[in-house]
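K.L.:
Two chains, two frames, some hints: make the complex.
Listed below are the residues making up each chain.
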Amino acid sequence: MNTLVEIESRLLEMRQVARQVSDGVAPQSPAAMTDELLNLAEQVMTHWLRGKGSVPTKAKKEGFRLLALQRQGSTGDPSFNACRESCRELIYYHNLVHLEPEHPQIQIRVGMARAVTQHLCLFIGGKMQDPELGDFCCSSRPLHTAA
Amino acid sequence: MSEKYKTVAYYPGCALEGTGHGYNRSTKAVGRKLGLDLIEIPNWNCCGAMEVKNIDPELQNYLSARNLAIVAEKMNVDTVMAPCNGCYHNLKKVEHDIAKKPKTQEVVDRLSQKAGHATYQAGEVETIHALDWIKEAIGEEGIRERVKNSLKGLKIANYYGCMYTRPRNIFPEKDQGEGSESTHNPHYMDDLLRAAGAEIVDYPLKTACCGGAHTLADSDTSTKLVLNLLQTAEDCGADVIATECPTCHSGLEMHQIRAEKEHGIKTSVKMLYFTQLLGLALGLSSRKLGIHENVSDASGLLKERGLA
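From first to last, the protein sequence lines are chains D and A. Heads up, the first sequence is in this note's numbering, so the first residue is 1 and it goes up one at a time. Heads up, the second sequence is in this note's numbering, so the first residue is 1001 and it goes up one at a time.
Bear in mind the hints are in silico, worked out from the structure with no lab data behind them. Model, not experiment: these values are computed from the prediction. Mixed in with the good hints, there may be bad ones.
Claimed, not checked - Simulated restraints, written as ranges between beta carbons of each label pair:
#1 MET128(D) / HIS1184(A): 22 to 30 Å
#2 ALA32(D) / SER1182(A): 28 to 36 Å
#3 HIS103(D) / HIS1117(A): 54 to 62 Å
#4 ALA1099(A) / MET128(D): 52 to 60 Å
#5 ARG1144(A) / GLY76(D): 43 to 51 Å
#6 SER29(D) / ASP1220(A): 32 to 40 Å
#7 GLY63(D) / ALA1118(A): 48 to 56 Å
#8 GLU1073(A) / ASN39(D): 54 to 62 Å
Said to hold, decoys possible - Far from chain A, some chain D residues (derived; all Cβ distances over 12 Å):
#9 GLY51
#10 GLY63
#11 LEU90
Quick reminder that beta carbons are idealized off the backbone N, C-alpha and C, glycines included.
Extracted from the complex, chain A is given alone in its bound form (with noise of 0.2 Å):
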């Protein structure tokens, strides 16, 4: 085990409070299991998500780096790991933002003065993903040598959505070479799960739209965009989407929902979260990754194949 990303602290968002509940629950169990620990941000707020970004991104660029300056003022670590894909993403934006524009630094300065809290600077603390977390600290050999109940004969087709690798400035991280994330071709999810013995199959639409952002405003275009996605991966040969976002996990299930009333096309591929997948295949129940807590319902599918 590398002692890199050991303790992190850790930042939920509010998703993973919510619709995302089961995400939570099999991260923490995880975490646990694999002797890794995280410390929850005291008094987190929202990261801005994308309603205050639409708005004012420089408002959500301070709601952000308060987040990140609370690690680096009172936490006695220096990363912070978010397994949400949009919190991940606009962490990464604020760092990015307050490294590049000037202005951004002086709102975000002038707001936690007027907030009475510490600012941030850029570089004081590390985001990563819980992908880049278990990857970087446990690996694929070390998944390999905790797996108690192998998920082989599972086709998986992981979905990473777009908020991951979108827009790669703001991952200077990635695309360095061998062994680091790729922003076109992203492979962490991919590494992990076959280290826990799953099938990954091809699925060429691992970092497309699904409309997320869209769900309300245009439902239509959302259920046609994740219709293909379903349909794609099931073409694929995949049991399961493999999902690293809430928003995006929530989005598939509620359209494929939806997609068989208004367009009466039923698909049956289900959609589990990576750290719920990882879990079962570490030996930890479905109950204690929150398996029941997800809308599709993946129960059938995991005693058929021995997982739960």
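Only chain D is shown next, with the shape it has when bound in the complex (with noise of 0.2 Å):
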């Protein structure tokens, strides 16, 4: 499994060859670059999950793992729900990806697909430094620990 800042470098790398996915020269196909956008997705959930002690599960919800952990990441610690969209953002543009190989607009799909898994791993990489990202504005961690 990589690191953190592997994903993170990967992930910048990936950027440039999103952008060759219309030229045809890009060294991956579309359909196994989001494939291995999941894949970093839940490396970067497994993190998070190791660093709070639990065994990240092999279960899948909706047909992905990534959201199986998203869902286990958030029990007893709401804030974490900050990222559930990412996630199935994530699954949309890869869902997309591969339905519609051919599409005119592969190259964006390709592009969102990567921007949300990056910002999915600098929030879940930022939570890891300072737990309280996103406790107190958007996932209002005392509302839900209240109610």
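P.N.:
Laid out in structure tokens, this is it:
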């Protein structure tokens, strides 16, 4: 498994790769790229769960391990739900790329999948340094813990 | 025009009197132009923002409740409009907490009595955002009819930020099917700016965290988060990121500068409040909309597009 720094660095590399998609010179197919992005996102989630002392689930939710991991991460820690939409966006673009590999907007779709994965990596990486990221703004930990 | 939100109590909040002054100015100017009346809450106070919530969430609830109590007791309106996502979120949160948690009502009652003013009871006032206000009172058709200077050709990524939709249980009016706002995929800003002629690009980070609350404590994380928001908007083809929150807006502006300084990465996408964009479409001058008060200088772009 890659470290968070390695994942972040790979995601930055993939920004350039994603731009080569429509020129047909990208070293990976769009489908392979979104598969890799999904895998990197799962690794980010795994870091978070292991850091919190949990054993990352192998289960899937709605057909994706990433969603099961996100659900597991937010159990008892509602601020983690701030990254739920990013996980869903990644899966949305992953599915679009797989369903329509010849779509004229394929480069944009791969690029968006990469961008949301990067957000996920930065947000969770940020939370691992500073666990209160997201606690007192959007996710309102006091509201959830008191409810 | 719907009469529902024609006249509302206006809660600008602290940021709109400081870094978000352009948002304050443009919200008032657009309201006037659309024939909507804003009556500022007399003697309003800070909503407790993130600072008080961090230390004592019940004290923050009281601070927000006091503003609602003034509207309920002293103003002849039943709706308060807050353009700032943080204020909007906190007013919605106290409404939720008072309705669901007896302890909150007890604290609000006790502190209100001690301060010598009326307390607040759940349901006395409805809190809405500036987006709800224009969407409900004027609507897309109403905007289309009033456009004098179409935003045609301007590509916009709408950034809603996190507090407008999360946590979703404090926004019971959202996710109510067709026409209502969505917490998963908010679209009111898209609807209004599209009606003003803009091209709205798909922006997958529209509700992603910008690290706003940690901008001082952990600037590096915030800069990286914002840089990703800016680069993604550019990758989507956007000329402008439209905002609806002063904290998000100034975070995007400040970290755009910091990203260039710290990481050597320059982005050129401009930030404008959605009210500033709507105001331009309605024929208001950029001066009246406070565009010159933004840190992000969009004047060149707006002139080039014939909007200023």
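K.L.:
Next, verify each hint and record whether it holds.
P.N.:
Hint-by-hint comparison with the structure:
1. The beta-carbon spacing between MET128(D) and HIS1184(A), approximately 26 Å, falls within the hinted interval of 22 to 30 Å.
2. For ALA32(D) paired with SER1182(A), a C-beta distance near 32 Å keeps the hint of 28 to 36 Å intact.
3. For the pair HIS103(D) and HIS1117(A), the beta carbons lie near 60 Å from each other, so the given range of 54 to 62 Å is met.
4. Checked against the hint of 52 to 60 Å, the pair ALA1099(A) and MET128(D) fails, with Cβ atoms roughly 35 Å apart.
5. Between ARG1144(A) and GLY76(D) the CB atoms are about 48 Å apart, so this pair conforms to the stated range of 43 to 51 Å.
6. A C-beta distance of roughly 34 Å is found between SER29(D) and ASP1220(A), which places it inside the suggested range of 32 to 40 Å.
7. As the Cβ distance of GLY63(D) to ALA1118(A) is approximately 53 Å, the hint placing it in 48 to 56 Å holds.
8. In this structure the supplied range 54 to 62 Å holds for GLU1073(A) paired with ASN39(D), their Cβ-Cβ distance being about 57 Å.
9. With a least beta-carbon separation of about 16 Å from chain A, GLY51(D) lies farther than 12 Å from that chain, consistent with its non-interface assignment.
10. Annotated as non-interface, GLY63(D) keeps its C-beta farther than 12 Å from every C-beta of chain A; the closest such distance is 18 Å.
11. With 12 Å as the threshold on Cβ separation, the claim that LEU90(D) sits away from chain A is violated: the shortest Cβ distance comes to roughly 8 Å.
Checked against the numbered hints above, the structure violates hints 4, 11; every other hint is satisfied.
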